[in-house]
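Please build the complex by placing chain B on the supplied structure of chain A, with the hints as guidance.
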Amino acid sequence: MTDTDKSREVKIVHYINQFFAGIGGEEAGGVPVGFEDGPKGPGTGLTGLLKGEGRIVRTIWCGDNRINQETDEVLEEIRRLIEEVKPDVVLAGPAFNAGRYGLACGLVGRMAKEKLGIPSLVAMYPENPAVDIYKQYCYIYPVGEKAAAMRQALPALAPVVVKLGKNGSLGSALEDGYIQSGYRWNEFVERPAALRAVDMLMKRLSGEDPMTEAPLRGFEQVPPAAPVDDLKQAVIAVITGGGMVPRGNPDKLKQAFADRYGVYSIQGLEELPAAEFKGIHGGYDSTWVDEDPDRVVPLDALRKLEQKGVFAHLHQEYFALCGIGTNVAMSKKLGAELAEELKRKGVSAAIYTST
Amino acid sequence: MKLERGYFTLQNLEFSDKTELTGGTLKVDKKELIELILQGDENDHIASLELEIVKPGENTRIVHLLDTLQVGVKTQGEGEFLPGFFSEPTTVGNGKTHLIKNLAVMECAELPWAGKSALLYPREAIVDMTGPAAGYSPFSETFNLLLRMEMNTGASDVEYDNAVRNAGVRAVRYLGEAIRNLSPEETEVFDFDTPVDASLPKIAYVTQCQNQGTYANTYLYGWDVHNIVPVHLSPTEVMDGCIVSGNYVWPCFKIPTYIQNNLPVVMELSRMHGKTCNFVGVIFDRGHNNSHFEKQRVANIAANQVRMLGADGVIISWEGGGNAATDAMLTLQTCEKWGIKAVPFTFEFGGPDGTEGILLVDDVPEAKYVVSTGSIEKPTTIPRVQRVAGGDRLRLNMEMGGDPEPADIERTFDVITAFYCGANQSGIGRLAGVPY
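Quick note, the sequences are listed as chains A and B, same order. The first sequence lines up with residues 49 to 403 when you count with this note's numbering. The second sequence lines up with residues 34 to 469 when you count with this note's numbering.
Excised from the complex, chain A in its bound form (with noise of 0.2 Å):
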């Protein structure tokens, strides 16, 4: 970057709703688009803050009700707008908790960075429902609940709205403060993690908050499924995470972080011979499972209680998979595929066995 570039303003659009822009509350919900050149509203006390490295040139304001009802038609008016000023940035809200605002800051922040690739801010309530929404579109950045949170809210928007004008992207969430898009590159920083935790233990044990390296998104929990009606017309299939798959891994079934499972005959068999059946699972010792496969693949077991009738049978395949270093987002695509392969075949309920 030239010192030429360095020392320009950064241009800035920004977007307000009707309440911010004078023109009413509620009631004023369905105004059309409307701009002004120059700062308006919360714009006007962002304009000392930038210090002289930034200068909203043009501000551009919607009833809440009108962007969001009628999103098309008054997007590609806010796009032309906006692209007629050719701005570096483009600033959107605060909207602290506002739902419709929120909604409206985030489609314009998306429309911006998607339709214009010109880098978009949105500033709102940590817990506005559009953030979820938005998030991974635009960066957002967090303010207080209610409007009387603007004077914290400008003096920490302004430079990094500068920041992103000029360089068209921010660093880190945990650099520039903005809310965590869900993105996460790996990067070698200054510390070493080993001392990075110690800092932060040091940090709360004197009584700071430390934030987080790594959020915690929560578990989901899944409902057990309801129980069979009538085993005795049941027809069972056999899954398993154990990695069991006939000798020589015929479908190249990964040991760890599997990508898809497989699909094995158990045709006339009583129970799997450790002779055609081997454990490929790279996290546990699969020695003894080796020695009988039936350990993680009860089949012998099955077999018998589908002759006393128990069930109605026993499906002819079996389902294999490595259950060792899967995320999340691929093990939901696997079940979700199993089960509607079991669906389609007619199996009626199934039985998991984990190592």
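Derived by calculation from the structure, the hints in this document are not laboratory data. Every value quoted in this text rests on a predicted model; they were computed, and no experiment measured them. One should not assume that every hint holds.
Straight line, CA to CA, 25 Å or less: simulated DSS-like cross-link-like pairs of lysine-lysine [as the list claims (entries may be wrong)]: (1) A:251 to B:401; (2) A:88 to A:99; (3) B:88 to B:51; (4) B:370 to A:251; (5) A:251 to B:374; (6) B:235 to A:251.
The following block gives chain B in isolation, referenced to the frame of chain A:
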């Protein structure tokens, strides 16, 4: 306990006809060291042994890497460095120990794949000295002396495992003699005898190793820790090498012996001890306990050790992927329940861009403060290299046949499991998963 560590930093490493450290150069009598190791290999498991030198900055890829050790020797105080190997299991951690700071002795061998267990076999382990994967391993920055071994056929996994470890420890003991009577360039004293200011926060460290069977074991004072319950160790005995690694199953998850006796949390807290904290000790245990019952049992015992030390806070880390995280998270949960603030560090998942699913193998609601050591699900391309050391081919994907492949070519890995220390489980590396 009180330990003085004296350090030597190498400027160069070369072969010579006499082993000595002079003018910053470690000269190694190749012939003598090879003879010593082969003589010790009483049952002839090692068919041939070559020594290779790999230096920082070289365009070189190291393959078939097993354990990595630091050269050290105790010059004062009871016991020997790496106690329990060719020495009594005497309690160490007092007196003086000399160490070479930037020299790694590396055991490299293509151990036979007996094909018995899908977990317990040595997987291909790679260190790139330069290029995009170099940062995954601290050993891209050390002078490396490779013991490149070829093994005779017909022995058991247990015998191979012992043979390569014995070779490494013998090399350390041999090279240690070269620094025994020299005056260290710098020293550090770790004094846990003198009482410290009672107002300093008390901190413990729980380090949970991997011990799942041959090729996935860890040794404490010369014996594997299959049945261990959490045990309190002095930071200084850890520094003197009472923990030795025999874990080769997933190279990214490995904490080699070199790092075990330089665990960065132990070193940092020991340096802070008496100044900004009171480091009350190390709790050493193993993960991958089989059932929930066993995991909670070990977690309770570990947490209670921490509690009985009076700790206000604890750092928790673990070796190994998968369910080892559960043992550690239960330990964390129990500590937090008792009012002990806990901070763990761990690798993460999340798919190639970080958006897929949850980040950790397992967690508990109490894990609100976690340090990331980076994601293991990042595709990594390694470039063609000029030289390959430690072997001359790669063995990957045993479950798909594991045919040998050229080692020097460009290649892309979907995940980083083959990179030695890539998951950064000791926290020694600067790799982190960074949110955007």
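Checked hints:
1. For a cut-off of 25 Å, the pair hint linking residue 251 of chain A to residue 401 of chain B stands: about 13 Å separates their Cα positions.
2. Between residue 88 of chain A and residue 99 of chain A the CA atoms are separated by roughly 17 Å; this keeps the pair inside 25 Å, and the hint holds.
3. Between the alpha carbons of residue 88 of chain B and residue 51 of chain B the distance comes to roughly 20 Å, so the proposed pair stays at or under 25 Å and holds.
4. Between residue 370 of chain B and residue 251 of chain A, the direct Cα distance comes to roughly 19 Å. Compliance with the 25 Å bound is thereby established for this hinted pair.
5. This hinted pair checks out: residue 251 of chain A and residue 374 of chain B have alpha carbons roughly 11 Å apart, not beyond 25 Å.
6. Among the hinted pairs, residue 235 of chain B with residue 251 of chain A is consistent with the structure: their alpha-carbon atoms are about 13 Å apart, no more than 25 Å.
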